[in-house]
Structures are given as structure tokens and as C-alpha cells.
Amino acid sequence: MKYMKKIIPFLFLSLLTSLPSFADDNAVQFWQIFDFDWKADERLTLGLSKQLRYEDTLTAVESDITDVGIDYKMEKWLTLQGQYRFNARGDEKRNRFLAGMVIKFDFGSMSVSNRTRFQNEHITSSEESDTK
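Heads up: the sequence shown begins at 39 in the working numbering, then just goes up one per residue.
If you are wondering where the hints come from, they were derived from the structure by calculation, not from laboratory data.
The model shown is predicted, which means the values in this text are computed figures rather than measured ones.
Wrong hints could be hidden among the right ones.
[Stated by the list, open to error] Mimicking DSSO-like on lysine-lysine, the simulated pairs with C-alpha atoms at most 27 Å apart in a straight line are:
(1) K77 with K88
(2) K131 with K88
(3) K142 with K77
(4) K142 with K111
(5) K111 with K77
(6) K111 with K131
(7) K114 with K142
(8) K77 with K131
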């Protein structure tokens with residue numbers, strides 16, 4: 039029952055923020071994101087994220103994105119990261135691999151961090167498949 043006090047406001051805010059906003063007739067953006075993180079132990083965190091991005095008319099999914107990632111805290115100030123992203127957008131399929139590290143130092147109520155990332159992406163489309 040103690041979790042209900044936290045879940046009800048979360049669900050309400052999720053619903054409220056997922057409603058589309060219309061800033062311009064030609065610039066409607068709407069997407070939904072579901073995140074799941076599991077802290078396996080003090081150092082290891084596994085993550086899964088699912089995103090659905092809709093067309094301007096909000097009638098069909100324009101892009102379907104799935105992320106799977108891992109963070110490993112080597113030291114209090116150093117975290118290593120790895121991630122795979124699959125993005126299906128129409129006939130185009132993207133496979134993205136990321137590797138990175140975060141260096142972070144805390145100074146009381148302030149912190150300084152630096153994130154360095156390497157990214158490699160492979161893009162295929164049905165047009166490429168038809169020519170092979």
C-alpha cells in the first residue's frame with residue numbers, strides 16, 4: 039500500500055505528459071518511452087528502453103526504437119557503458135552500437151562530469167536488399 043502513494047502520481051503525470059501538444063499545425067510530435075532498469079548489484083546496472091514515435095498525423099508509428107544497455111561502475115568516479123539500439127523506421131533499419139565512459143566527481147552539492155562515447159551505426163533499407 040505504501041507504493042500506491044508513489045505510483046498514482048507517477049501514472050497521472052505519465053498520462054498528462056503523454057498527451058500531444060499542438061504548437062504548430064505542421065509540427066506535431068508525439069512519442070512514448072518505457073524504461074526498465076535493474077540494478078544487479080552495487081556496480082552493475084542493466085537497462086531496457088522501448089520508444090514509439092508517431093507520424094505527424096498521430097495515426098501510425100513512424101519509428102520503433104529498442105535500447106539495451108549496461109553500466110558498470112569501476113570506481114566511485116568512473117562508469118563504463120555499453121549499449122545496443124535497434125531503430126525500425128519504415129523500410130529503414132538501423133543497428134547502433136555504443137561504448138563509453140563517464141567520469142564524475144562530486145563536490146558537496148555540486149558535481150562535474152565528462153561523458154565520452156564511441157558510436158557505430160549500420161543502416162539498411164529494403165532498396166538495398168532488393169539490389170543484392
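Sort out whether K131 lies within 27 Å of K77, counting only the CA atoms. Judged against 27 Å, a Cα distance of about 30 Å means the pair is violated.
Has the given pair, K114 with K142, been kept, meaning a C-alpha gap of at most 27 Å? 8 Å, holds
Taken at face value, is the distance from the CA of K77 to the CA of K142 at most 27 Å? Answer holds: K142 to K77 is near 19 Å, not above 27 Å.
K111 paired with K131 [C-alpha distance capped at 27 Å]: 32 Å, violated
For a C-alpha distance cap of 27 Å, please report whether K77 and K88 respect it. Answer holds: K77 to K88 is near 18 Å, not above 27 Å.
Is the hinted pair K131 and K88 satisfied, with a Cα-Cα distance of at most 27 Å? 15 Å, holds
Do the alpha carbons of K142 and K111 lie within 27 Å of each other, as the hint requires? 11 Å, holds
Within 27 Å, alpha carbon to alpha carbon, are K111 and K77? OK: K111 and K77 at ~11 Å, within 27 Å.
When held up to the earlier numbered hints, the structure conflicts with 6, 8 and fits the remainder.
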